[in-house]
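Assemble chain B onto chain A, guided by the hints.
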Amino acid sequence: MKRVLWGGVALCVLLLTGCAGREPENTILVRILAVDRVEVGLRLTAYSGVQDLGKTPGVCLTGEGDTLETALKALRTKGNGYPALTHMTQLVVGEGVPLQPLLESLVTGRETGYSATLWRVSGAAAEVLAGAKTPVERLEALEKNGGVPPPNILDGLVSLKREGQVALPVLLPAGEDLTRGGDRRGG
Amino acid sequence: MEEDRISARQRRVLLFTALLVPAVALPGRLAEAAGDLSWLVPLLCIPAALLLCWILGRLGDLPAALRRVWGGFFGGALTLIYSTWCFFLLILYLKGLVSRLVLIGAQGFAPILFAAVALGIALHMARGTRGAFCRGTELFYLVLAVVLGGILLLGVFHIKGENLWSFVLPTELVGGIAPMLGVVSLGTLGALLAGNIESAPGDKWRRYGWTTGFCVTVALITLVVVGRLGAPLTAALPAPFFTLVQGLGVAGMLQRVEGAVAALWVLSDLALLGLLLFGLRGTVGAVCGQTWGRRILPAAAMAALLLGALMSEELAVGLRNGVAQVNLVLGFLVPAATLLVARLTGR
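Quick note, the sequences are listed as chains A and B, same order.
Count the first sequence with this note's numbering and you get residues 619 to 805, in order.
Count the second sequence with this note's numbering and you get residues 263 to 609, in order.
Next comes chain A alone, as it looks inside the complex (with noise of 0.2 Å):
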């Protein structure tokens, strides 16, 4: 009796691997997600770093949703592989999003992790990065080299419970380039 069942444990081991069959190398690591707001509820827009050790070009994906969830239900239908956001680093949020329900969902939703760090945009969020010819190379330079570093998610979140507001750079075109503007307070 205690051979079987030990068997079949041994056997669970073995087949449940825990692996819900997505591949490495069909994932899509999202470094920078913009969130605007449009008239059905969210757009986001996702961008990924380059792949494959530099082999193959980053890939901007973009879903629509009522909510955060379903918004990003519509992102994961497009592209070729699964986009990730376990390595998200940048989060930008356009005018008129509102930012603690935004916080709150990504902090519990837990994918994200609360890492990346915030930026404010006056104005679309996607047009703003849209006009840059790097945004994830050239935002993630801005964060290490453009004085105090912005709030990371959690950060934020903490803010807005404890004080109601939050203080964030604001994101600014240039060109081709990105550059950051003066800090912003906001709920």
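Worth flagging that the hints you see were computed from the coordinates, not collected in a lab.
Small disclaimer: the values here were computed from a predicted structure and weren't measured.
Treat each hint with caution, since some may be false.
[As the list claims (entries may be wrong)] Computed cross-link-like contacts, EDC-like style, restricted to lysine to aspartate or glutamate with a CA-CA straight-line distance of at most 20 Å:
no.: 1; chain 1: B; residue 1: 422; chain 2: A; residue 2: 781
no.: 2; chain 1: A; residue 1: 751; chain 2: A; residue 2: 761
no.: 3; chain 1: B; residue 1: 422; chain 2: B; residue 2: 294
no.: 4; chain 1: A; residue 1: 696; chain 2: A; residue 2: 684
no.: 5; chain 1: A; residue 1: 751; chain 2: A; residue 2: 795
no.: 6; chain 1: B; residue 1: 422; chain 2: A; residue 2: 773
[As the list claims (entries may be wrong)] Quick look at which bits of chain A chain B covers, simulated, 3 or more residues with Cβ under 8 Å:
no.: 7; stretch: 722-732
no.: 8; stretch: 776-787
[What the hints assert, rightly or not] Over 10 Å on every C-beta distance to chain B, these chain A residues come out as not near it, computed from the model:
no.: 9; residue: 629
no.: 10; residue: 633
no.: 11; residue: 667
no.: 12; residue: 668
no.: 13; residue: 697
no.: 14; residue: 714
no.: 15; residue: 716
no.: 16; residue: 741
no.: 17; residue: 742
no.: 18; residue: 766
no.: 19; residue: 772
no.: 20; residue: 795
no.: 21; residue: 798
no.: 22; residue: 805
Ideal placement from N, C-alpha and C gives every residue a C-beta, glycine not left out.
Chain B alone, transformed into the frame defined by chain A:
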């Protein structure tokens, strides 16, 4: 029965390991009640925890003490109320384990599968000897002590002072005492493990040391969680301790460890579920005989699995928040009253 002895140290380790499950759920409740100073609440509860420790030490085997003090009929009825308490807690903590695993990263999987596996392992342990179960939990304790130590150490560097200090009314601090004492009162489950406990010289004082250590551990957990997340966010999140863990790590080496920590925390859940099943076995056994104590376990586990599956998440959260009062009555007030009557009547 003679060979099924456990030492007083093993019982202390078992209780500490098992109570880590409600301990990591406490920061949310404490932050909700006591705000920025919630980390002080566990320290304020140390005298009450030591008092409970003294009461339980005086009473010894609780089912036997209940029958001795309250008489065969009322004592037996009270003991069966303790059985119901164990069964009720079994459903709640089983449901809590599943909710936590689903929340941390097992979305899309059948929750009942997790519950069935965890309960199956706990049942297997509870049908064996207490000695084997306690030796198992000693290993669990070592693993969890290293994991918790690492989390607290890394967590200290993420604390922000402004999150830990603001003006809080003394009444708000008192509001946090009930949830904390509710968890401390679960220590009474250790007195339901009927049978022989081997004591070594100095055990009496070590018991107080471990009780104080548990309260300090809860205070430290609350300190790092509230210090990083702030009281308002801690109170709003469903599992703030694991949200904190999500951001800890060593860049480039060890990141996003919350899944691994949540998986290891199942060891604490197994200790708690096993303790509850042993409590059920001990209390039913004290009234109906040891054979019945063992026989009832599979039926109780099946019923807990079924009721847990049928219970809605909202109801489970409501019951978990309200269970502190039940714990206080059965874990603290009834033993205290029993000792008082025993002293007055000389029984």
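How the hints compare with the structure:
| no. | hint | result |
| --- | --- | --- |
| 1 | B/422 x A/781 | 15 Å, holds |
| 2 | A/751 x A/761 | 17 Å, holds |
| 3 | B/422 x B/294 | 18 Å, holds |
| 4 | A/696 x A/684 | 17 Å, holds |
| 5 | A/751 x A/795 | 7 Å, holds |
| 6 | B/422 x A/773 | 10 Å, holds |
| 7 | 722-732 | holds (count 6) |
| 8 | 776-787 | holds (count 3) |
| 9 | 629 | 14 Å, holds |
| 10 | 633 | 14 Å, holds |
| 11 | 667 | 17 Å, holds |
| 12 | 668 | 20 Å, holds |
| 13 | 697 | 21 Å, holds |
| 14 | 714 | 24 Å, holds |
| 15 | 716 | 16 Å, holds |
| 16 | 741 | 29 Å, holds |
| 17 | 742 | 29 Å, holds |
| 18 | 766 | 16 Å, holds |
| 19 | 772 | 6 Å, violated |
| 20 | 795 | 28 Å, holds |
| 21 | 798 | 23 Å, holds |
| 22 | 805 | 14 Å, holds |
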